[in-house]
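Colleague: Residues per chain, in single letters:
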Amino acid sequence: MEWYLPVIWAALIGTAVVMYVILDGFDLGIGILFPFARNESERDQMMRSVAPFWDGNETWLVLGGGGLWVAFPRAYAVVMPALYLPVIVMLLALVFRGVAFEFRTVSRSKTWLNVAFIVGSTLATFAQGVILGGLIQGIQVRDGAFAGGTFDWATPFAFLCGLSLIAGYGLLGATWLAMKTYGPVADRARGQAKVLLLAVLIFMAAVSLWTPLTQPRIAERWFSLPNFYFLWPIPVITALTAYLTWRWIETGREVPPFLATIALFLLGFLGLAISNFPYLVPPSLTVWDTAAAPASQIFMLLGTLLLLPMILGYVGFIYWLFRGKVHEGESYH
Amino acid sequence: MDFDPVLLARLQFAFTIIFHIIFPSFTIGLSAYIATLGAMWMHSGNDHYQHLMRFWTKIFSVSFAMGVVSGIVLSYQFGTNWSRFSVAVGNVVGPSIGYEVLSAFFLEATFLGVLLFGFNRVPPWLYVLSAAIVAIGTAISAFWILSANSWMQTPNGHELRGGVAYPADWLGVIFNPSFPYRFAHMLNAAYLTTGFVVLAVGARYVIAGRYIEEGRTMLRMAIGLTAILAPLQLLLGDQHGLNTLKHQPIKVAAMEAHWDGSKPGDFHIFAWPDEKAAENRFAISIPRGASLILTHHMNGLFPGLNSVSASERPPVTIVFFSFRIMLAIGLFMIAAALLGAFLWWRGTLFDTRWYLRLMAQCWWIGFVAVIAGWVVTECGRQPWIVHGVLRTADATSPVTGATIAGTLALFVIAYGVVFSFGIYYINRLIAQGPTGPAAEEPGHFSANPISAAHEAGRTAVGRT
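Sequence lines, in order, name chains A and B. The first sequence maps to residues 1 to 333 in this note's numbering. The second sequence maps to residues 1 to 464 in this note's numbering.
Simulated from the structure, these hints should not be mistaken for laboratory data. Take these hints with a grain of salt, some might be off.
Capping the alpha-carbon separation at 25 Å, the derived lysine to any residue pairs in SDA-like fashion look like this [to be verified]:
{"id": "1", "chain 1": "A", "residue 1": "110", "chain 2": "B", "residue 2": "261"}
{"id": "2", "chain 1": "A", "residue 1": "110", "chain 2": "B", "residue 2": "420"}
{"id": "3", "chain 1": "A", "residue 1": "194", "chain 2": "A", "residue 2": "11"}
{"id": "4", "chain 1": "A", "residue 1": "110", "chain 2": "B", "residue 2": "419"}
{"id": "5", "chain 1": "A", "residue 1": "110", "chain 2": "B", "residue 2": "421"}
{"id": "6", "chain 1": "B", "residue 1": "276", "chain 2": "B", "residue 2": "315"}
{"id": "7", "chain 1": "A", "residue 1": "325", "chain 2": "A", "residue 2": "279"}
Between the sequences and the hints, there should be enough to build the whole structure, so can you do that?
Modeller: Rendered as structure tokens:
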């Protein structure tokens with residue numbers, strides 16, 4: 001029990017993070033693509049395509065963060081002080097884009113709210129990438145507490161991760177728009193999706209090379225034998241998925257490019273998990289070092305097993321309810 | 001530069017949580033009001049209720065968005081600013097927050113989507129049910145967060161090993177001694193806060209002669225609710241106070257600025273507590289009033305602040321005054337609600353202009369009372385973050401004071417902007433009024449008197 005409970009929790013939190021990245025990823029992506037819309041009617045259409053969902057999507061962030069706090073309080077207590085500034089910047093950026101959703105429907109002048117939505121979405125995405133990069137590159141820990149400086153996270157690698165995520169969420173947003181809208185918005189989204197797909201692939205390659213070159217433990221994980229025999233299909237499947245995404249965008253398919261982009265995200269996440277497991281705070285603290293008391297993990301696990309299927313049920317219901325394309329002039333509220 | 005990280009972390013948390021609590025105290029009550037309007041619409045078939053329901057839903061969505069985004073900030077501050085709190089008591093208090101996310105946040109966020117965008121997509125019963133689910137979600141959320149906070153006030157059901165709290169009895173943790181009182185007091189406060197907002201908006205319409213029927217419905221519903229809940233709040237507050245006296249007597253001593261526990265306590269209507277000299281200046285008091293309230297006996301004794309050393313006392317002045325602000329508003333609410341009920345019974349409610357004018361100005365009183373109440377209970381717990389278990393000074397993160405000061409400044413600026421716009425937009429929605437389906441016309445705005453009169457005329461002849 002002492003061994004597998006933290007592993008189960010790591011998997012659950014991983015699931016929450018993946019759900020967050022995919023779901024809030026596409027609606028943050030709408031914000032990233034917002035500057036390229038031609039007029040207010042197009043922007044309304046883009047926003048309406050995510051309006052019923054964004055609030056629930058963002059709740060996965062609370063579950064991921066809250067889950068880390070509940071299940072791994074000692075990891076939470078190291079990671080948050082270490083990544084203090086990017087976390088606060090992300091939260092403030094989310095404040096601005098979140099209220100922009102609601103304020104925009106009430107306001108007569110949209111310009112500043114469009115700016116808040118664009119800057120908030122892009123900055124939140126960039127900060128999330130920086131947080132990921134800051135975690136992968138390692139956090140200085142002494143006696144179980146953060147022992148580094150305020151700007152330790154600020155490295156070229158972390159900024160690269162920030163830009164990668166902007167491209168990634170942008171791609172999710174573009175394929176979402178291609179699926180959920182039509183007319184000029186959908187056509188433009190398809191063009192953007194191609195550019196962003198190329199950018200994502202370049203960034204993925206850069207991160208995949210950079211991490212093993214700078215982190216011996218990651219190189220060892222991937223390139224030592226027999227690991228390599230089991231792991232070589234992952235980059236191959238990723239390349240194949242990328243090719244299919246490209247083909248489906250080219251041939252004007254509507255749903256498959258979005259699903260294929262999700263698959264790309266899942267593969268990227270799997271790669272990161274393989275690189276870093278069992279470290280929750282690389283390179284020193286594992287899931288077992290940082291786990292909450294088993295009694296706390298079990299108590300929370302029972303609730304999760306009961307409530308998570310219900311959550312997935314009604315989240316599925318709302319996506320089904322608002323299925324299909326957004327019609328021009330469809331009423332907001 | 002030398003900043004005190006503990007003080008700054010406290011200021012940052014105080015600022016962000018005071019900003020946050022404004023929205024739940026409104027949305028908990030408002031969602032219940034919206035669901036009630038929905039039920040009345042279903043029951044009576046009168047579209048008038050449906051217009052009111054959709055009108056308040058728009059206002060709800062603006063406030064709910066501000067509550068969500070400011071709440072996410074709080075959940076992350078447990079780690080950024082209070083990491084040693086997370087390590088020391090995360091085992092015990094963490095699951096309450098986890099259950100709040102799982103059982104309430106997703107429920108609220110998802111069904112709010114149906115409520116905001118689903119009117120043309122779901123049958124009316126499901127639309128109204130969604131409103132009810134959102135209301136239940138907000139109450140479940142309050143349940144868990146108040147359980148977690150109450151555990152920090154009256155920790156229970158845990159054992160300490162090496163400075164870390166471990167759970168021993170989950171029911172004891174969740175239903176800790178102060179939880180039932182705090183939960184009832186806060187939930188009722190949220191309904192009262194909303195009641196006075198609805199009362200103010202209703203009064204505003206009736207005075208202006210716009211949306212008169214809607215305004216009258218709001219007035220009747222708000223007065224009916226607050227006339228029961230405002231007196232009830234006095235009773236709940238009294239019980240909550242007695243519970244606090246039992247578990248956190250020094251907090252109560254600070255609320256009453258009661259220094260010498262060997263004598264019965266006076267109730268100070270006004271005083272300036274001098275924390276250095278450990279006495280009150282300029283006191284205007286009801287002799288033995290505090291003893292009567294707290295022990296229900298003229299000569300009853302209760303512990304004074306002098307029974308502990310100065311370093312163990314909470315900041316007396318702020319607790320003392322916040323308590324008086326809350327109490328004064330509570331008493332005013334009782335008077336206002338009962339007077340409203342009296343006027344309604346006499347049949348002169350809608351013509352008593354001075355009463356309507358006064359009430360139209362009182363939309364904010366519930367918010368101030370809620371904030372003052374939280375200041376009492378949170379500051380009154382100091383110097384502990386978890387009473388008797390963990391001191392606030394031992395709970396912070398290894399982060400420099402300058403970092404916290406810088407981000408605090410960012411929060412103040414960002415929240416200042418968001419809050420100003422939020423109030424502005426809510427005010428505009430109220431100025432637009434419950435226009436029914438016409439509200440969907442883009443750019444529709446009826447602030448000028450001619451279109452307002454037109455609106456009122458349309459409503460009066462029942463055109464939808």
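Colleague: For each hint, tell me whether it holds in the structure or not.
Modeller: Each hint, compared with the structure:
1. For a cut-off of 25 Å, the pair hint linking residue 110/A to residue 261/B is broken: about 61 Å separates their Cα positions.
2. Simply put, residue 110/A and residue 420/B have alpha-carbon atoms about 16 Å apart, close enough for the 25 Å limit, and the pair holds.
3. Taking the CA atoms of residue 194/A and residue 11/A, the gap is about 32 Å. The hint is violated against a cut of 25 Å.
4. Restraint check for residue 110/A and residue 419/B: satisfied, since their Cα atoms lie roughly 17 Å apart, inside the 25 Å limit.
5. For the suggested pair residue 110/A and residue 421/B, the alpha carbons sit about 13 Å apart, so the restraint of at most 25 Å is met.
6. Using a Cα cut-off of 25 Å, the hinted pair residue 276/B and residue 315/B holds, with the two alpha carbons roughly 11 Å apart.
7. At roughly 42 Å between alpha-carbon atoms, residue 325/A and residue 279/A are farther apart than 25 Å, so this suggested pair is violated.
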